[in-house]
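2 protein chains.
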Amino acid sequence: MIDQTKFTLTEDRIPTHWVNLLPDLPGEPLPPLSPATMEPAGPDDLKAIFPMEIIGQEVSMDAQVEVPEAVREVYKLWRPTPLYRAHRLERALDTPAHVYYKYEGVSPAGSHKPNSAVAQAYANKQAGVNRLVTETGAGQWGSALAMACAQFGLECLVYMVGASYDQKPYRRAMMESWGATVIRSPSDTTEAGRSQATHPTGSLGIAISEAVEVAAGDPGTNYALGSVLNHVCLHQTVIGQEAIAQMEMAGEDADVVVGCVGGGSNFAGLTFPFVRRVLRGQAKTRFLAAEPAACPTLTRGAYRYDFGDTVGLTPLMPMYTLGHDFVPPPVHAGGLRYHGDSPMLCGLVKNGLVEARAYRQNETFAAALQFARTEAVIPGPEPAHAIRAVIEEAEDAKLAGEERVILLGLSGHGHFDMSAYESYLAGELQDPEFSEADMEAALGRLPDAPAIA
Amino acid sequence: MIDQTKFTLTEDRIPTHWVNLLPDLPGEPLPPLSPATMEPAGPDDLKAIFPMEIIGQEVSMDAQVEVPEAVREVYKLWRPTPLYRAHRLERALDTPAHVYYKYEGVSPAGSHKPNSAVAQAYANKQAGVNRLVTETGAGQWGSALAMACAQFGLECLVYMVGASYDQKPYRRAMMESWGATVIRSPSDTTEAGRSQATHPTGSLGIAISEAVEVAAGDPGTNYALGSVLNHVCLHQTVIGQEAIAQMEMAGEDADVVVGCVGGGSNFAGLTFPFVRRVLRGQAKTRFLAAEPAACPTLTRGAYRYDFGDTVGLTPLMPMYTLGHDFVPPPVHAGGLRYHGDSPMLCGLVKNGLVEARAYRQNETFAAALQFARTEAVIPGPEPAHAIRAVIEEAEDAKLAGEERVILLGLSGHGHFDMSAYESYLAGELQDPEFSEADMEAALGRLPDAPAIA
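Note that the protein sequences, when read in sequence, are chains A and B.
The working numbering puts the first sequence at residues 1 to 453.
The working numbering puts the second sequence at residues 1 to 453.
Looking at chain A on its own, in the form it has when it is part of the complex (with noise of 0.2 angstroms):
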């Protein structure tokens, strides 16, 4: 008989403040580089296609920030989020460490996405935007924002990826069933876009470039990014500051904290408050950034400043970088084909605070499924990738013979992803791996700019 498996927070504990790491990493931050430039960017590089409330976000120095009360009725329709003992799952690894979960399925579009998305949607409402554009590779960002516009009367138009607009019909049909319009890129209604005629797939940087260039040529239009930059990572530390209390519910407290990095916005989110008591002396927790072989950036790529889109009109970041032109293998964690990673989570992994470790797809298929028949729910390929660690970790503490206590960050479900286990249950899915060749070619498609120090 299993006692008790879920810790339930009522509406009042949604923090009424998220949590800026900014101030606690040790130095002064690494500026954006201006891409016409190559010199520190300022707000006015990004007052074209941002509210300036989020541009002090996203520089902010202040440990915390006050989530604004229109935003946390929305949180409401979902949050807080469910806390669960997976002690089924430690069962069928005979395992004497402790696993809990922090499920951000429960979104109405499924997955971590709507923390930010809804942040970013009220910031631009109040700014008196019309219109926001964003990019989405599997859809799940561009869901969010989608959900989130809706709430707030805005419209919002997205640029999907070639390759998941012809695969994924059904986020599309999810994404419009909210009102957005939803193009397919590379489109012919920008100029990046037209100049990547030639890869008629698609990626995700190609479409960042056209939504910043749709955003920077229309006054009433402003762009959203669902990850990587600060602003993104601090809106989701609502994730992490529930896990705390809800930890503290189960008496117990993380010795490690996993999670998958795409863009990084996810594992920053869960992570972060965390992380701050570690820095602060309060707590000796480690963390583990899970990512897939086929887009290894930081395990494999190199620490230097980059562009975010393909094309080049994005700040340059310092951050681990995989090459700005680089194409992930089609793996079916769409989530985490990105060639960078957020920057303040690119530097607590260069400090040493972070580990990184990287996972083939059909390894993360199967610690899904056992996931799914342990714990019922079905998770996104992208989680998988921190359940495949989890796994490990928990393997581990059997070995040592440890109680240890391991906390996941289960960022959203896989209902729309059900192709992909279709493929693995048929045995027909690939282990595309970065290659030698790969890296050598990302590090002549560096651009010129500094080093970092």
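Quick caveat, the hints were computed from the structure, so don't treat them as lab data.
Among the clues, some could well be false.
Straight-line Cα separation of at most 30 angstroms, DSBU-like style, residue types lysine-lysine; simulated pairs [what the hints assert, rightly or not]:
(1) 76/A <-> 6/B
(2) 76/A <-> 398/B
(3) 125/B <-> 6/A
(4) 125/B <-> 76/B
(5) 76/B <-> 76/A
(6) 76/B <-> 398/A
(7) 284/B <-> 350/B
(8) 350/B <-> 6/A
(9) 398/A <-> 284/A
(10) 125/B <-> 47/B
(11) 47/B <-> 125/A
Derived, one-sided and incomplete: chain A residues facing chain B with beta-carbon distance under 10 angstroms [to be verified]:
(12) 10
(13) 11
(14) 52
(15) 56
(16) 60
(17) 369
(18) 374
(19) 414
Just so you have them, the derived chain B footprint on chain A, three or more residues with Cβ under 8 angstroms [stated by the list, open to error]:
(20) 140 to 153
(21) 176 to 186
Note that the structure is a prediction, hence the values are computed from the model and not measured.
All C-beta atoms, glycine included, are put in the ideal place defined by N, C-alpha and C.
Given the coordinates of chain A, work out where chain B should sit on it, guided by the hints.
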């Protein structure tokens, strides 16, 4: 600014008992009839396919039945489910009505179905059964049973209606991800299936015949039905009990409770705890059952004894029916395409306690989109019928100038139904309706059973 939109119960508020409405109903319950003799069927007619615990629940005259602790443990994975005040929908409708919705889509299978699947899987596991066999149309029940069987280490075999099997590969992949075996129906694995090979797209009635045949012929295999029968309605009453507690938290009582009806288990689960209060003179709630115009069992069917399946293997039940071999047009609300309905619910309709209304496909999808764009959740096509009825009630309350309190049962999400939304958005959805000719044919095909007194 919106005050409070969600009413959250902690796990200790998961009901400890199911509500059995049978002893509250006026008169003696009408017995099912044996298909062989047309005489009242007894436990012996059922024990080849059901465990005694379930048979006992089917005929119990106890006012409440205890929920086994192991079942409550699994319920904790998603229960208690949230109750919301639909402030945003109310504003969009400009109605003085207060609309609440109880959301069952947070279960791992995405609907209310696991409430009974878990209870049935556990009862069969306790009885020493190795395998459960069932049928599924839209896929909700098959998914729920696959998930429940994985929790208790049972094998699961699902006969999936041919048309759904072809159109919904992702529901199939979901069941297989939980370890179930899925067979397209009609199949050549059963006599019933072979006899219906002339209906290659299948029907729920044919799939039931196949599953019952397999269960009857294998001592280690039992059958599990996802709706209609008393014990299934019983298991679902956790919904209504939680809703009563949550409406108390909201400080309101429902004037009208609205749900969709396929076989009746969702509607029963939501309403029966409220109906008991009405029957005992403790409340004056109205009840509204929404069904598709393409399969209008409660609004157009004959109140007669009929089989539960196409071939005629199941006992005959007293219910509104469109004829056991009626194959409804392929509307997207696959969960509502059943020729009969729960005998208990049919009795309440017959007695005037429950009002039934039928809606066409396009008007239900229009309602679903309005709901998605205000309340964020994308509803399944089945509860979209109930949403349509709620909008009618809210508009009527506006005309009457009443602060009517409306409670909606939102039985599941539409994540596996996005192709239907796609068709609706493209203006390509049909509006099939049950015709007079259909009705005449149905009446001509009813079995030669005693009339209902």
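Now for the hints, and whether the structure bears them out:
1. Proximity of residue 76/A to residue 6/B is assessed by CA-CA distance (about 7 angstroms); at most 30 angstroms being required, the pair is judged to hold.
2. Between residue 76/A and residue 398/B the CA atoms are separated by roughly 27 angstroms; this keeps the pair inside 30 angstroms, and the hint holds.
3. The suggested pairing of residue 125/B with residue 6/A holds, with an alpha-carbon distance near 24 angstroms, which does not exceed 30 angstroms.
4. About 19 angstroms separates the Cα atoms of residue 125/B and residue 76/B, which keeps this hinted pair within 30 angstroms; it holds.
5. For the suggested pair residue 76/B and residue 76/A, the alpha carbons sit about 20 angstroms apart, so the restraint of at most 30 angstroms is met.
6. A C-alpha spacing of about 27 angstroms is found between residue 76/B and residue 398/A, which places the hinted pair at or below 30 angstroms, so the restraint holds.
7. Restraint check for residue 284/B and residue 350/B: satisfied, since their Cα atoms lie roughly 18 angstroms apart, inside the 30 angstroms limit.
8. For the hint linking residue 350/B to residue 6/A, the alpha-carbon distance of about 42 angstroms lies beyond 30 angstroms, and the restraint is violated.
9. As the CA atoms of residue 398/A and residue 284/A are separated by approximately 20 angstroms, the hinted pair is consistent with the 30 angstroms bound.
10. Distance hint between residue 125/B and residue 47/B is fulfilled; the C-alpha atoms sit about 15 angstroms from each other, no more than 30 angstroms.
11. Restraint check: the Cα-Cα separation between residue 47/B and residue 125/A comes to about 62 angstroms, which exceeds 30 angstroms; the hinted pair is violated.
12. Hint status for residue 10/A: holds, given a least beta-carbon distance of 5 angstroms to chain B, under 10 angstroms.
13. Satisfaction of the interface hint for residue 11/A is found here, the shortest Cβ-Cβ separation to chain B being roughly 6 angstroms, below the 10 angstroms cut-off.
14. At about 23 angstroms, the closest approach between the beta carbon of residue 52/A and any beta carbon in chain B exceeds 10 angstroms, and the interface hint on this residue is violated.
15. This hint is violated: residue 56/A has a C-beta 23 angstroms from the nearest C-beta of chain B, more than the 10 angstroms allowed.
16. The closest approach between the C-beta of residue 60/A and any C-beta of chain B is roughly 25 angstroms, which is over the 10 angstroms cut-off, so the hint fails.
17. Because the beta carbon of residue 369/A sits about 6 angstroms from the nearest beta carbon in chain B, less than 10 angstroms, this interface hint is met.
18. Given the 10 angstroms rule on beta carbons, the hint for residue 374/A holds: about 8 angstroms separates it from the nearest Cβ of chain B.
19. Against a cut-off of 10 angstroms between C-beta atoms, the interface hint on residue 414/A holds, since the closest Cβ of chain B lies about 8 angstroms away.
20. Judged by the Cβ-Cβ criterion of 8 angstroms, the stretch 140 to 153 of chain A is covered by chain B as claimed, because 3 of its residues qualify and three suffice.
21. Counting residues of the stretch 176 to 186 of chain A whose CB lies closer than 8 angstroms to any CB of chain B gives 4, so the stated coverage by that chain holds, three being the minimum.
Checked against the numbered hints given earlier, the structure breaks hints 8, 11, 14, 15, 16 and satisfies all the rest.
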